[in-house]
Amino acid sequence: MSMPPWGEEPSADATPPPPPPPPSNPYGQQQAMPYQPYGGAPSPYTPFQATPQTNGLAIGSLIVSIASIVLCCGFPGIVGAILGHIARRQIKEDPNQTGEGLALGGIIVGWVAFVLSLVGVVLWILIVAVGVFAGSSVDDCSTDSDGYYVCD
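The opening residue of the sequence shown carries number 790 in my numbering; numbering runs sequentially from there.
Rather than coming from a laboratory, the hints here were simulated on the basis of the structure. The reader is advised that the hints may include incorrect statements.
[As the list claims (entries may be wrong)] Pair by pair, the computed Cβ-Cβ distance ranges are:
1) G924 with R878: 36 to 42 Å
2) L915 with R878: 20 to 26 Å
3) T804 with G845: 56 to 62 Å
4) P807 with I848: 55 to 61 Å
5) R878 with A856: 19 to 25 Å
6) T932 with G909: 37 to 43 Å
7) I852 with I914: 43 to 49 Å
8) V919 with C862: 42 to 48 Å
9) C930 with V908: 32 to 38 Å
The C-beta atom is built at its ideal place from N, Cα and C for all residues, glycine as well.
Given only the sequences and the hints, what does the whole structure look like? Please build it.
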């Protein structure tokens, strides 16, 4: 087969040249080509996809909630719970973010810590109130003529 002169169309009976042989590896074995020449089947390789990032507020929510139980008597747990609610909303809006479980854990631990701290405060107030009222009901004490302390 001869090539037509420059600028002229090839004839209809012209066939494309055969594909080059696949490259060989150092061990002498033939390997398949990573692509199909001349518009063949698509490549088996998929394009790079970015891995989703974990939402920072979800991580912060869980950390604040746990720290509120361990270090701060539970009151900052409400901050962790609120951060968790915000993180869940952001994760639902953005498909490139993960951390739904972290946010949910921060919400649960935060609210539990906050409720336990409120229960603790109410119990403390009750104990102090009972102590004040019980102390006021003690009979009056005084010293007698011999100098002894006597309660009536």
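Comparing the hints with the structure gives:
{"no.": "1", "hint": "G924 with R878: 36 to 42 Å", "in the structure": "51 Å, violated"}
{"no.": "2", "hint": "L915 with R878: 20 to 26 Å", "in the structure": "38 Å, violated"}
{"no.": "3", "hint": "T804 with G845: 56 to 62 Å", "in the structure": "60 Å, holds"}
{"no.": "4", "hint": "P807 with I848: 55 to 61 Å", "in the structure": "57 Å, holds"}
{"no.": "5", "hint": "R878 with A856: 19 to 25 Å", "in the structure": "23 Å, holds"}
{"no.": "6", "hint": "T932 with G909: 37 to 43 Å", "in the structure": "41 Å, holds"}
{"no.": "7", "hint": "I852 with I914: 43 to 49 Å", "in the structure": "30 Å, violated"}
{"no.": "8", "hint": "V919 with C862: 42 to 48 Å", "in the structure": "22 Å, violated"}
{"no.": "9", "hint": "C930 with V908: 32 to 38 Å", "in the structure": "37 Å, holds"}
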